[in-house]
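J.: Listed below, chain by chain, are the residues.
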Amino acid sequence: MKKVTIDPITRLEGHGKIEIFLNDEGDVEDAYLQIPELRGFEKFCEGRPVEEMPRITTRICGVCPGAHHMASVKATDAVYHVDPPSVAKKLRELFYCAHMIHSHIAHFYALAAPDFVLGPTSDPAQRNILGVIAKVGLEVGGEVIKHRAYAQDIQATIGGKATHPVCGLPGGMSKALTEEERRDFEEKAKSLVEFGKFSLKLFDDLVLANKEYVNLIVGDIYTMKSYYMGLVDAQNKVNFYDGEIRVVDPDGKEIARFKPDDYLEYIAEHTEPWSYLKFPFLKKVGWKGLAEGKESGVYRVNSLARLNVADGMATPLAQEAYERMYQTLGGKPVHATLAFHWARLVELLYAAERLLELCQDDEITDPNVRIIPTATPDEGVGVVEAPRGTLFHHYQTDEKGLITKANMIVATAHNSAAMNMSIKKAAQGLIHKGKVVTEGLLNMVEMAFRAYDPCMACATHTLPGQMPLELVIYDSNGEVVERLTHHTHSEPLGIKVASVS
Amino acid sequence: MAKLKLALYWAASCGGCDVAVLDINEKILDVAEMADIVLWPVALDFKYHHIEAMEDKSIDVCLFNGAVRNSEQEKIARLLRAKSKTMVVFGSCACFGGIPALGNFTDRAEIFERAYVEAPSNDNPGRTFPETVTQVDGGELELPEFYDTVLTLAQVVDVEYFMPGCPPPVDLILKVVDALATGQLPPVGSVIASDKALCDECDRKKEDKKITKIWRPHEIIPDPERCLLEQGIICCGPATRGGCGLRCIKANMPCRGCFGPPPGVLDQGAKLVSAIASIYQTNSEEEIARMVEEIVDPAGTFYRFGLADSMLKRKRL
Numbered sequence: 001m002k003k004v005t006i007d008p009i010t011r012l013e014g015h016g017k018i019e020i021f022l023n024d025e026g027d028v029e030d031a032y033l034q035i036p037e038l039r040g041f042e043k044f045c046e047g048r049p050v051e052e053m054p055r056i057t058t059r060i061c062g063v064c065p066g067a068h069h070m071a072s073v074k075a076t077d078a079v080y081h082v083d084p085p086s087v088a089k090k091l092r093e094l095f096y097c098a099h100m101i102h103s104h105i106a107h108f109y110a111l112a113a114p115d116f117v118l119g120p121t122s123d124p125a126q127r128n129i130l131g132v133i134a135k136v137g138l139e140v141g142g143e144v145i146k147h148r149a150y151a152q153d154i155q156a157t158i159g160g161k162a163t164h165p166v167c168g169l170p171g172g173m174s175k176a177l178t179e180e181e182r183r184d185f186e187e188k189a190k191s192l193v194e195f196g197k198f199s200l201k202l203f204d205d206l207v208l209a210n211k212e213y214v215n216l217i218v219g220d221i222y223t224m225k226s227y228y229m230g231l232v233d234a235q236n237k238v239n240f241y242d243g244e245i246r247v248v249d250p251d252g253k254e255i256a257r258f259k260p261d262d263y264l265e266y267i268a269e270h271t272e273p274w275s276y277l278k279f280p281f282l283k284k285v286g287w288k289g290l291a292e293g294k295e296s297g298v299y300r301v302n303s304l305a306r307l308n309v310a311d312g313m314a315t316p317l318a319q320e321a322y323e324r325m326y327q328t329l330g331g332k333p334v335h336a337t338l339a340f341h342w343a344r345l346v347e348l349l350y351a352a353e354r355l356l357e358l359c360q361d362d363e364i365t366d367p368n369v370r371i372i373p374t375a376t377p378d379e380g381v382g383v384v385e386a387p388r389g390t391l392f393h394h395y396q397t398d399e400k401g402l403i404t405k406a407n408m409i410v411a412t413a414h415n416s417a418a419m420n421m422s423i424k425k426a427a428q429g430l431i432h433k434g435k436v437v438t439e440g441l442l443n444m445v446e447m448a449f450r451a452y453d454p455c456m457a458c459a460t461h462t463l464p465g466q467m468p469l470e471l472v473i474y475d476s477n478g479e480v481v482e483r484l485t486h487h488t489h490s491e492p493l494g495i496k497v498a499s500v501s
Numbered sequence: 001m002a003k004l005k006l007a008l009y010w011a012a013s014c015g016g017c018d019v020a021v022l023d024i025n026e027k028i029l030d031v032a033e034m035a036d037i038v039l040w041p042v043a044l045d046f047k048y049h050h051i052e053a054m055e056d057k058s059i060d061v062c063l064f065n066g067a068v069r070n071s072e073q074e075k076i077a078r079l080l081r082a083k084s085k086t087m088v089v090f091g092s093c094a095c096f097g098g099i100p101a102l103g104n105f106t107d108r109a110e111i112f113e114r115a116y117v118e119a120p121s122n123d124n125p126g127r128t129f130p131e132t133v134t135q136v137d138g139g140e141l142e143l144p145e146f147y148d149t150v151l152t153l154a155q156v157v158d159v160e161y162f163m164p165g166c167p168p169p170v171d172l173i174l175k176v177v178d179a180l181a182t183g184q185l186p187p188v189g190s191v192i193a194s195d196k197a198l199c200d201e202c203d204r205k206k207e208d209k210k211i212t213k214i215w216r217p218h219e220i221i222p223d224p225e226r227c228l229l230e231q232g233i234i235c236c237g238p239a240t241r242g243g244c245g246l247r248c249i250k251a252n253m254p255c256r257g258c259f260g261p262p263p264g265v266l267d268q269g270a271k272l273v274s275a276i277a278s279i280y281q282t283n284s285e286e287e288i289a290r291m292v293e294e295i296v297d298p299a300g301t302f303y304r305f306g307l308a309d310s311m312l313k314r315k316r317l
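Chains as they are written, first to last, in this note's numbering: chain L, 1 to 501; chain Z, 1 to 317.
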C-alpha cells in the first residue's frame, strides 16, 4: 500500500509521527500515531533519594513540570506518612493553579489557535503563534504574553523557577509566602480572571461564530465515544490538586471512584511493538484493541474528560461557562474531541478564580510551611490532574528513603489509544479516492491529536540502574594509596583521608 | 539585511528549553523580526523534509536542546549540523546529558524490562517490546533504535557554543538573541554563562566551612541566610558553574549542579566529592564512616546532570 508520512508531528510537546496507509482505491486503510521517544525515568530513578524525586521527575516534562513536582511531592508525603501543614497544601495549590494557567494559555494560543485563527489548511509558514499575533494584533498578542508571564512569575516566586520548580519537600514547602508577594499575586490573579473571560469570548467570536468550525467540532470525523477519567473533590467538582479519581462510561454514568492508592486495581497498560508509548486501559472493561464504545477499555483524560466526569466547577464564572458549553453541545457527556479546546478555556477561568481565592485566604502567608517527617519511609502514591490528564506517581523505598521501585502513569499516556483512534478516524474521513493529499489535509489529521494537548515526553518518561564505581586515591608520587569500589547502591562509598607525607 | 535563518530542535528532552525561549515573552517578536524560524516543532509546522531540502550551511543558527539517546536524534543532529553554520548546544541535556543521562547508570535491556514488563501496571504477558521494524497490514512501521548510552551533542557533532542550564535562564537567552541581532558573537567554544563557580556568586552568609553531619533537605529547616553546605546540606555550588541567578538557592533549596562544571574542571562529580570531603570536620575513622553513610546516593547526587559528559560516562556494559 502507499504510505503517507507526517514526520515530525508539530505543535504539541514531544516527538511523534503519523503513518497513513492508502489502499489501491486511494482510501485510508489504516493510520498509526507512533511515538519514537523514551528516556526511562522508572528505571534510572531507582537508588535516588525520595526527597529528590520532586526535582528529578520535573524533567519528565518542561511544559508541565509543576504537575510532576506536585504529584511527586504528594507521593513523598505518602511515603513518609506525613501530613503537611494546611498552609503548605494551600500554597502548593496556589502554585499549581498558576501552573495550570501557564500551560493552558500556552497550549490554546501557541499550539491550538493557529488552526482556528489562520485556518486548518492555511500556509504552514504563517500557521503558528507568530501568525496568530500578526492576525489578532499586537495588543491582543501582548495580553496573551503578559498573562502567561504572570503565571510563570507566580510559579518562579514560590518555586525558584517556573520550569523545574524546587519548593516541594516531604512535609511541606521550602519557603513561605510574604505579604508583599501575596499582594502582587492578588493583583495578577484578578487580571487573570479577566483574561480567562476574554479567552472564552475570543473562542466564541473566533470559533463558535464560524459555521465551518462548528461543523468540524460536532461532525463525525472528530468525535469518539469513550469512557472518561478525572479527579473530583468531595462535591464532585473538578479539582486539579487533590481528590478521588472518578470514571464515567460513554453515557456519563459513574462506573468507578477510587483513591490514588488503589490505581492498580483499575488501570493496566498494553504494549504494541510499533510505539514506545504504551496504551493504558480500564482493567474491568478489558483491552479490546483500538476500539470505541462501552465494550472497549479505552478511556480519555484531560480537560473535556474532567468536565464530563465532574458535576460542575467549584467557582461561579467557570460554572457558568461549563453550563454554557454543555447547553451548546447538547448535554453531557460531550464526545466531540475538538471540544477539548473549549473545555480547556473553561478550566483556565476556574484556575484563575481559584488562584484569586487562595491569594485572599487568611492563612496563605503563615510562615510555618513545613514539618519534619519522623516515620520510616516505605511506599506511597501521589496523584494530581496535570494539565493534560490524571497523573500518577507511585514510589517504593527502602528504610532510608531511597527509591527501590518507581512507577508513573502520565497524563497523555492515558490518551494514547484515543489519539491513535482519532487520527485514524480523521484520516479516513478526510482522505478519499481521487482526493489529492495536500499539506492542509494532513494538518487536519494532526488536529485530531492536537486537541488532546499531548505531551509525549511525559507519556514515555521511564528508566532504572546499578552503578559500579571505583575510586582510586594516589599520593603525591602517583602511588596508589587506596582503591575503593562500590557495586550496589546499598553499600556506601567510602572515602578515606590518608595522611600525606 | 537579509533575515537570519534560525532553527530550534529537541532531542531527548523535556520541552523545558523550548518553554524557556517562550519565556523571553514579548522579545519573541524581536526574534521574529530579525530571523525566519525554519524549524521549531513545538510551535511551527515545518517537517523534516523541509530541512532535508535546504542547502548545506543555509541555516545561520541552530539551537539544539536535548541529549542524544536514539538513532533518530543522532540522525537529526547530523542533518542540522550539515545544514547550519552555527550549532548552539542549548540546555544541560545537550551540554552534559542532563537528567536523561542518569540512564547511563543502566542500559537498554534493563530500561525496556522495567518499562514494558516489570512495572506493576503493565499487562504484557507476551513480553512485547518496541521494535525498530514492525510488519502491519499494508506495510512496515519503523521506530528509531534506542541506544544503551546517552550522548551529549558534542559527542556526536562539532559545535560552536554552549548554553548550560536546566533550563537556561531568560537573561542568558537574551544575551544570545542580542549577539545574533548585532552580529557580535563571542569566541567559538564559549560557554554562555559565568566563568566562576556558583559559590562565588552566592550571597548567603559564609563563615566557617566545617561540617560534622550531613542533613538531607527534608530532615531540617535550614537558616535561610546562611550557606547551606555549612549547615550540612549537600549543595553542589562549589563545583558548578555560575550564571543561573541562584534560582534554587533563593527558594531555600540546594544547588544540584545543572550548569555543569566550572571552567578548568574535567569531572564535576569528582570535584564535588573532593569539595565535600575537604570540609569534613574530623579525621576520626568512625566519624568519617558515619558521615559518608549520611551521603545517600552519592553517584546520583554528584553526577545528577553530568554523567554523560563525565570521565565515568556510564556503567560498564
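Hints are computed from structural coordinates only; laboratory data are not their basis. Treat the hints loosely; a few may be bogus.
Claimed, not checked - Below 30 Å or equal to it, Euclidean Cα-Cα: the simulated BS3-like pairs (lysine-lysine) are: (1) L/Lys197 to L/Lys400; (2) Z/Lys5 to L/Lys146; (3) Z/Lys5 to L/Lys135; (4) Z/Lys47 to L/Lys400; (5) L/Lys135 to Z/Lys47; (6) L/Lys259 to L/Lys237; (7) L/Lys400 to Z/Lys175; (8) L/Lys433 to Z/Lys250; (9) L/Lys146 to Z/Lys209; (10) Z/Lys213 to L/Lys405; (11) L/Lys400 to Z/Lys75; (12) Z/Lys47 to L/Lys435; (13) Z/Lys47 to Z/Lys27; (14) Z/Lys313 to L/Lys400; (15) Z/Lys75 to L/Lys3; (16) L/Lys400 to Z/Lys315; (17) Z/Lys175 to L/Lys135; (18) Z/Lys250 to L/Lys190; (19) Z/Lys75 to L/Lys405; (20) Z/Lys27 to L/Lys146; (21) L/Lys197 to Z/Lys27.
As the list claims (entries may be wrong) - What the simulated footprint calls covered on chain L by chain Z, stretch by stretch (three residues with Cβ under 8 Å from a Cβ of chain Z suffice, anywhere in the stretch; the number is not a length): (22) 36-42; (23) 271-280.
Think of the CB as a built atom: it goes at the ideal place given N, C-alpha and C, for glycine as much as any other residue.
J.: The structure should be examined with respect to each hint, and the outcome stated for every one.
T.: Right, here's what the structure says about each hint:
| no. | hint | result |
| --- | --- | --- |
| 1 | L/Lys197 to L/Lys400 | violated (49 Å) |
| 2 | Z/Lys5 to L/Lys146 | holds (27 Å) |
| 3 | Z/Lys5 to L/Lys135 | holds (22 Å) |
| 4 | Z/Lys47 to L/Lys400 | violated (48 Å) |
| 5 | L/Lys135 to Z/Lys47 | holds (23 Å) |
| 6 | L/Lys259 to L/Lys237 | holds (16 Å) |
| 7 | L/Lys400 to Z/Lys175 | violated (44 Å) |
| 8 | L/Lys433 to Z/Lys250 | violated (62 Å) |
| 9 | L/Lys146 to Z/Lys209 | violated (43 Å) |
| 10 | Z/Lys213 to L/Lys405 | holds (28 Å) |
| 11 | L/Lys400 to Z/Lys75 | violated (42 Å) |
| 12 | Z/Lys47 to L/Lys435 | holds (22 Å) |
| 13 | Z/Lys47 to Z/Lys27 | holds (25 Å) |
| 14 | Z/Lys313 to L/Lys400 | holds (27 Å) |
| 15 | Z/Lys75 to L/Lys3 | holds (21 Å) |
| 16 | L/Lys400 to Z/Lys315 | holds (24 Å) |
| 17 | Z/Lys175 to L/Lys135 | holds (29 Å) |
| 18 | Z/Lys250 to L/Lys190 | holds (27 Å) |
| 19 | Z/Lys75 to L/Lys405 | violated (33 Å) |
| 20 | Z/Lys27 to L/Lys146 | holds (11 Å) |
| 21 | L/Lys197 to Z/Lys27 | holds (26 Å) |
| 22 | 36-42 | holds (count 6) |
| 23 | 271-280 | holds (count 8) |
Checked against the numbered hints given earlier, the structure breaks hints 1, 4, 7, 8, 9, 11 and 19 and satisfies all the rest.
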